[in-house]
Amino acid sequence: MLENKDYKVIGTRPIRHDGVDKVTGRALYGADFQAAGLLHGRVLRSPHAHARITSIDTSRAEALPGVKGVVTAKDLPDAGDKVADLGEGAVNLKHLCDNILASDKVLYKGHAVAAVAATNPHIAEEACTLIDVEYEVLPPVLEVRQAMEPDAPLLHEHLKTTSLGETADEPSNVASHIQHKLGDPEKGFAEADVIIEREFVTGTVHQGYIEPHNATAHYNQDGQLTIWCSTQGAFTVREQVAEILQYPISKIKVVPMEIGGGFGGKISVYIKPVAALLAKKTGKPVKVLMNRADVFEGTGPTPASFIRVKMGATNDGKITAAEAYLAFEAGAYPGSPVGPGAMCIFAPYNIENVIIDGYDVVVNKPKTAPYRAPGAPNAAFGSETVVDEIAEKLGIDPLEIRLLNAAKEGDRRADGPVHPRIGCIETVEAAKAHPHYTAPNGKKHHGRGVASGYWFNIGLESSVTINVNSDGTINLIEGSTDIGGTRASIAMQAAEVLGISAESVNPSVVDTESVGYTAVTGGSRTTYATGYAAYEAAQDVKRQMIVRAAKLWEVDEANVQFADGEFSSINGKEEQISFRDLCARLGETGGPIVGSGTVNPGGAGGAYATHVVDVAVDEETGKVDILRYTAVQDAGKAIHPSYVEGQIQGGAVQGIGWALNEEYIYNAEGEMTNASFLDYRMPTCLDLPMIDAVIVEVPNPGHPYGVRGVGEVPIVPPMAAIANAIYDAIGVRMTELPMSPDRLLKAMGKI
Amino acid sequence: MRDFSYIAATTIPEAVALLDEKGENARILAGGTDLIVQVREARRDVDWMIDIKSIPEVNVLDYNADTGLVLGAAVECYKIYADDAICDAYPGLIDATTIIGGTAIQGRAGVGGNLCNASPAADGIPPLIVLNATCVIAGPNGERELRVEQFCTAPGQTALEKGEMLVSMKIPAPASNSSSYYLRFIPRNEMDIAVVGAGASVTLDDAKQTIVSARIALAAVAPTPLFAEEASALLAGREVSDEAIDAAAQAAQAIARPISDMRGTAEQRTHLVGVLTRRALNGAIQRVRDAA
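Chains as they are written, first to last, in this note's numbering: chain A, 7 to 757; chain B, 37 to 328.
To be clear, the hints were calculated from the coordinates, so they are not data collected in a lab. Computed from a predicted structure; not experimentally measured. Among the hints, erroneous ones may be present.
Chain A regions said to be covered by chain B (calculated; three or more residues, Cβ under 8 angstroms) [unchecked claim]:
1. 126-135
2. 378-384
3. 623-630
4. 668-682
5. 744-751
Okay, derived cross-link-like pairs now, EDC-like style, lysine to aspartate or glutamate, Cα gap no bigger than 16 angstroms in a straight line [as the list claims (entries may be wrong)]:
6. K399(A) with E203(A)
7. K438(A) with D417(A)
8. K752(A) with E303(B)
9. K89(B) with E50(B)
10. K629(A) with E50(B)
11. K316(A) with E205(A)
12. K449(A) with D631(A)
13. K58(B) with D87(B)
14. K629(A) with E226(B)
15. K756(A) with E303(B)
16. K548(A) with E580(A)
17. K579(A) with E563(A)
Note that CB positions come from ideal geometry on N, CA and C, so glycine has one too.
Sequences are here, hints too, so could you generate the full structure?
Quick look at the structure:
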């Protein structure tokens, strides 16, 4: 099953099922939601980065005509110190609740403090200005190394460092310390002929999804709560809201609207519980929308970090040891992705001796959230730059050194797991063979760089139901928010099983009461896991259809076979009926057919990418232009190649933004000074060449069609690839992100 | 966004009377691409918006090769760059009008509004300065004129007195063997605000070897756009050379007093003044030489 055999549907490029509605503006997003009697909610946010709330007086706001309700943290159930079980790891419930509405302290500028529901958004906004909050302003801590200093101001008086299973006595901003060790690093470095050790700093960056967060909540008279919202996972919204409100999940229905981007940033809830509190208080449906500044200041970006990487290699290019120190900013509450960063940092290589230390550190910035391969891009910026420097020192081609040390099936990752069949070598080889890599690039101040990246991908639970229609089509019911074309990629896997066209599948993303539990669209899992569930559901349909055919022909089920969309009798009478024709005869053979599939697969299969980039550096201004970009990636099996290419291109582009200009800029008071798309500089189409996406297919043994997740790994290599290209262009190693013009001018000694 | 009143004036005296009567919290509305955003983001308190788009005088776009250009205060950018004669005469102004906002913004935004918004980083103002523009201002006491480099007084502040409004800008006809150039530095290629902007106009001798006169103006390096008077004067009578241009660039750097903010650092801006002044001067000179 894992060979690249001839598929009918898989590997083709049908138009996505949701495409027409989206490009014609008919698709319904959260902000489009309307209801009779709808009220509009707005959130009052902290002007301070770090302060104690001494009092909140909402009376003036409540007295404003048109205001129907005001809520603060007092309206949340008392969280105590309960640890909520949210499936993907334990989270301190007080931290979870305080991030929704601050109770005793505000920990970042933009931290939600109160919210208002009014008859129109303008009144709600004005009412926010009438809420009197008194603060005792405290000094903010805005940088991870400062936050780790013993005398740094503390964000949480009760937070103590957990280090390798032990909890410290004294409070600290360091929430946890993790360590992975493999072999004997000391011995490995002793064997090395060349050792390179460098320090790196990366900025805070946001996912930059185009659609701001939104939520509309309504309580029925019987206490049934419904939330319509933009989310990457309706079920995880249900879980989080249930925990925060201490309300049973059976009384909460979450309806996922279309989503305008998430990239990991729309998993955590922010305004959804607030909308619910306002709906409860007013008895009316309440819609809460964020504006762009709310999104930057009040939702989770991905962390800034300080990283030190040391690697050693022998003269013939064998990497003998690697060491990494990763300190990640968690934001206001613990939970940075330093763990995944530590898992991924050296994963493209088979290194016998490795030690990795990771620190999760709170600072006065918004609590961080996942962003595309969370943690891995920060880490790879360090390791892939050091590998480039080692290759240069040894006079070995940078792709050749990657091949010399490439991870393969059976090798052990420093954090424990042994690689199954992976496509690390194949992606590096494809990059090396690509015409881009050998094209001339000798102009002054032009440079070429390469870097590789790894992301482990996840499985998790998915459910799919298939209803068979009498006209030979199927309705495919799923719970995975479609962000990158997954309606198509999931439908195509069911279509392949049933021998029908992608267009004969009508996929629907439904609410939490209409499909089995399905985890978030995240971790590059959706085409893999929900696609797997669709495969299983289609197999279920196929089995039931075989029973019907057998019944129709009065033969034994074992004598019916199904191939290429046709059922046939292989023993006795010669009978044949197409899937479509049999669908029309379900009534007479026993009634409707519903197929279902549920999975929680363990074999997600990691993904590798290698990128090649050409840059031009304006030596006078420090501006970097991306001239050519080739992104090679192992997709396992590309179900819908266009959307795989789209993911690769999108990830590369976000990486280019992260590399060159994107960052949260703070003043000394801890206020973000660029909370708009004007000054938070994401690349526009005018800043980018066409990204050449090259798909490599090394089938994943953990999936019936060999699928590997593709959404995240393409953001891992760009920063180091571009840094290496800048070095090639001007001979300066950039170790701080973003590599903005002013930093380049400084590094070149021009200012 | 809080409530405000909107009124459309149809004559200059009507607009002036309204401005005079309503006082500080009245603002002129033309394209609205700055004003509406400022009101929506609560960065400016406005009780009255006085729409001037139906006043004929502010919509004048009249170029005459002998007398120059009259550019009404509400004329949108796209009309300016759609006029071939204006493109030929004032290429530095065209450089700016084609980069203010994006295409959609250029359909509403005008150079007059760019001037009245008085942003230190305004792309439209340095070209007006180097092109010797004069502002025509109407007020309760009649009309007066003011050189454009004196129009902005601080970030967001202008020399307009109570009840006064900008009617138009007058730009003299270009001298022979002259041209102009404007460029800005932004970290991206579009949709950004100048980290530094620099405009230059030059008039060369008939041999196109010697600079007869030049004007240099800078944006985003001081509380207002600057006319680099000394740097400009240094070039008069000099032969075109890297040395002459470097000297002017250094003199321009000397008057820059930039701040560090989210768009750039002070050191970066001072450095860029040198780079962009050289590029603006060379660009203007090249245009003179390229002309038939």
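Here is how each hint holds up against the structure:
1. 126-135: Coverage by chain B holds here, the residue count being 3 at a Cβ distance below 8 angstroms.
2. 378-384: violated (count 0)
3. 623-630: holds (count 4)
4. 668-682: Answer holds; 3 residues pass the 8 angstroms Cβ test.
5. 744-751: Contact hint for the region 744-751 of chain A vs chain B: holds, 4 residues under 8 angstroms.
6. K399(A) with E203(A): holds (13 angstroms)
7. K438(A) with D417(A): Violated, at about 23 angstroms.
8. K752(A) with E303(B): Given pair K752(A), E303(B) holds - Cα atoms ~9 angstroms apart, limit 16 angstroms.
9. K89(B) with E50(B): Holds. K89(B) to E50(B) sits at ~13 angstroms (cutoff 16 angstroms).
10. K629(A) with E50(B): Distance ~49 angstroms between K629(A) and E50(B) Cα, so the pair is violated.
11. K316(A) with E205(A): Distance ~9 angstroms between K316(A) and E205(A) Cα, so the pair holds.
12. K449(A) with D631(A): holds (14 angstroms)
13. K58(B) with D87(B): Status holds; Cα separation ~14 angstroms.
14. K629(A) with E226(B): Holds, because 13 angstroms separates the two Cα atoms, which is no more than 16 angstroms.
15. K756(A) with E303(B): holds (9 angstroms)
16. K548(A) with E580(A): The hint is violated at about 20 angstroms.
17. K579(A) with E563(A): Since the Cα atoms of K579(A) and E563(A) sit roughly 13 angstroms apart, the hinted pair holds (cutoff 16 angstroms).
Violated hints, in rising order: 2, 7, 10, 16; the structure is consistent with all others.
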